[in-house]
Amino acid sequence: MTSVLRSRVLVPLALVGVLGCGEDTPPDTLTVDIPVAARVGLLPFECGGVYTNVGTTQTTYEPMDFRVYVHDVRLVTSGGQEVPVALTDDGVWQHEGVVLLDFANKDGMCTQGTAGMNTSIRGTVPADTYAGLRFRLGVPESLNHRNVTTSPPPLDDQGLFWSWQFGYLFTRIEGRTSGLPTHVMHLGSTDCAPPPTGQTSGTAGCTYNNRPEVDLEGFTVGANQLVMDLGALFAGSDLNVNASGPNTAVGCMASQGDVDCAPIFERLGLAFGAQAANPTAQSFIRVE
Numbered sequence: 001m002t003s004v005l006r007s008r009v010l011v012p013l014a015l016v017g018v019l020g021c022g023e024d025t026p027p028d029t030l031t032v033d034i035p036v037a038a039r040v041g042l043l044p045f046e047c048g049g050v051y052t053n054v055g056t057t058q059t060t061y062e063p064m065d066f067r068v069y070v071h072d073v074r075l076v077t078s079g080g081q082e083v084p085v086a087l088t089d090d091g092v093w094q095h096e097g098v099v100l101l102d103f104a105n106k107d108g109m110c111t112q113g114t115a116g117m118n119t120s121i122r123g124t125v126p127a128d129t130y131a132g133l134r135f136r137l138g139v140p141e142s143l144n145h146r147n148v149t150t151s152p153p154p155l156d157d158q159g160l161f162w163s164w165q166f167g168y169l170f171t172r173i174e175g176r177t178s179g180l181p182t183h184v185m186h187l188g189s190t191d192c193a194p195p196p197t198g199q200t201s202g203t204a205g206c207t208y209n210n211r212p213e214v215d216l217e218g219f220t221v222g223a224n225q226l227v228m229d230l231g232a233l234f235a236g237s238d239l240n241v242n243a244s245g246p247n248t249a250v251g252c253m254a255s256q257g258d259v260d261c262a263p264i265f266e267r268l269g270l271a272f273g274a275q276a277a278n279p280t281a282q283s284f285i286r287v288e
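Here the UniProt record's numbering is used: position 98 in the sequence shown is 98, and no number is missing along the way.
Hints listed in this document are in silico derivations from the structure and should not be mistaken for laboratory results.
Predicted, not measured: the structure shown is a model, and the values here were computed from it.
Each hint should be verified, as a subset may be incorrect.
Unchecked claim - Within a straight-line C-alpha distance of at most 20 Å, the following computed DMTMM-like cross-link-like pairs (lysine to aspartate or glutamate) qualify:
| # | residue 1 | residue 2 |
| --- | --- | --- |
| 1 | Lys106 | Asp72 |
| 2 | Lys106 | Asp157 |
| 3 | Lys106 | Asp156 |
Could you put together the complete structure from these sequences and hints?
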């Protein structure tokens, strides 16, 4: 599926996978289009929607934003070999191996970003039989600390950049709940040092990189889609309170000191405090 403008329902109408060999594609290369659907539980995500029974208190959730960067996309052959997907630079959603998945238009309370949406990952791979998919959430370290004001799309959105962390928001997920006017889930690298001596941008390094690996077995190109499910991501969270207390971020801003992040990090397979990283516990993204 190509980018969609002002679409309200993000479940693809067709699972478009391997499209075959086009006129400019070598005969031993497959063009791949991986659909990605956004949901809240069993329901399609849409700006302007109202969702009930979300989180531990079964709160009402109204979307305000839902954007996610991914990179390092690989297909896995039936023999277990990883094959990098050569992502197509399209000048809008994909550049230098990074994809911005954008599920929010300007409807309802979704006032951030643009009306444009992108609900697929597109590229090419050598012809083979594939039975799995792997990738990482976020922006790679080599691109994460660039100057956002001079970067090309999709790395040019200042609303997806943490100036105080010298890097990008890997996810910007926001909504209103029954108990909070705004609940945020912003993932990015944290505890980042200032720029190295003599530099005015970048960082000397981040203690917590926060780029979860997603490993999806049973993904058949052309037959399956990815699902990013906010219901699953928030299943262990009370979205009606700010558990970290007053004068702290309302929701999770990826800080190791923010207790609201603990159940969310668990569902991303990330470490939090004494909770060790466990990629097999990742439940935010699944195959259908």
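Outcome of the hint check:
1. Between Lys106 and Asp72 the CA atoms are separated by roughly 29 Å; this puts the pair beyond 20 Å, and the hint is violated.
2. About 16 Å separates the Cα atoms of Lys106 and Asp157, which keeps this hinted pair within 20 Å; it holds.
3. At most 20 Å may separate the alpha-carbon atoms for a hinted pair to count; Lys106 and Asp156 meet this at roughly 19 Å.
Comparing the model with each earlier hint shows a violation of hint 1 alone; every other hint is respected.
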